[in-house]
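Enquirer: Sequence:
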Amino acid sequence: MKKRVGILILVFGIGLLVSCNNSIEISGCTNGEVVEWVDALMINDVKYQHDFPDSSDEQGSISIEKGEELGKVTFKMNEQACSDHKMVNGDAAYLPKGTSIYEVKGYPSSFIVAADDKVYVVDENKEAKTAGELYPLDGLVKNIHIESTEDGFRLHTFSDESKEQFIQAWYRLGLDDPYGLHLTGKFEGERVFLEIELHNGVSFRQLYWMDTNTFHNGAIGDAEIKTVIVSELEKMEEK
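Residue numbers for the sequence shown follow UniProt numbering, so the first one is 1 and each next one is one higher.
Treat the hints as calculated values from the structure; they're not laboratory data.
Hints are not guaranteed to be accurate.
[Claimed, not checked] Using 27 Å as the maximum straight-line C-alpha spacing, the simulated BS3-like pairs for lysine-lysine come out as follows:
1. LYS186 x LYS86
2. LYS86 x LYS76
3. LYS105 x LYS72
4. LYS226 x LYS142
5. LYS105 x LYS66
6. LYS129 x LYS105
7. LYS105 x LYS76
8. LYS142 x LYS105
9. LYS226 x LYS239
10. LYS86 x LYS72
11. LYS105 x LYS126
12. LYS97 x LYS72
13. LYS226 x LYS129
14. LYS163 x LYS226
15. LYS186 x LYS163
16. LYS142 x LYS239
17. LYS186 x LYS226
18. LYS226 x LYS126
19. LYS97 x LYS66
20. LYS163 x LYS142
21. LYS118 x LYS86
22. LYS97 x LYS118
23. LYS66 x LYS118
24. LYS86 x LYS97
25. LYS186 x LYS235
[Unchecked claim] Per label pair, the in silico range of CB-to-CB distance:
26. PRO96 x SER61: 24 to 30 Å
27. SER61 x THR184: 36 to 42 Å
28. HIS182 x GLU68: 35 to 41 Å
Beta carbons: idealized from backbone N, C-alpha and C, even for Gly.
All chains, please: the whole structure from these sequences, using the hints.
Expert: Here it is as structure tokens:
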């Protein structure tokens, strides 16, 4: 099994990614606030995140080929931006100004990009109206895993049939505002950690709430996708 030591941070708008535990106090910010940013960047009106450790810190390996340059970092937010900062194109949490941002060959740039030898996965794209538009998974997914909600270990891998059923259903799902879903209690109850592993080794996590059939990115599940997930959970329990 593969251990995930990265910490998933639920995000309801990049401006809310703040913490009172960071030792860096930013001059000029109200109440002497301390800001700790998720490793994020924005380019071409799409926000991306790098959530998990690099391949050197994992048992797996990531193999990507950079494509065309999409732009450069023009503003490093860490130690400079207050919590009410609204990200714009060229902003990055930790990447130095001037860092190049590239497309990844074989993958839509609206899905993943590369910068500073790290891969960033889309977090927010206001043009996306469906889960499939936000995360275009068809033909790009190697495996879907169920992870431990305690330590991120891989507990179970979907069958190929279930993987394909999940992806087909995924494209039909509509997107809602994650913050609004949070306020209405949709992110409560039994959680399932789903790891989406791409063919190039890049992985990212989707949180799924069984009781409300809702994903943390705002995707609202249908009967088919819930059936697939429940079926794979039952297979895992039978092991």
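Enquirer: Check each numbered hint from earlier against the structure, then list the numbers of those it violates in ascending order.
Expert: When the structure is compared with the hints, none of them turns out to be violated.
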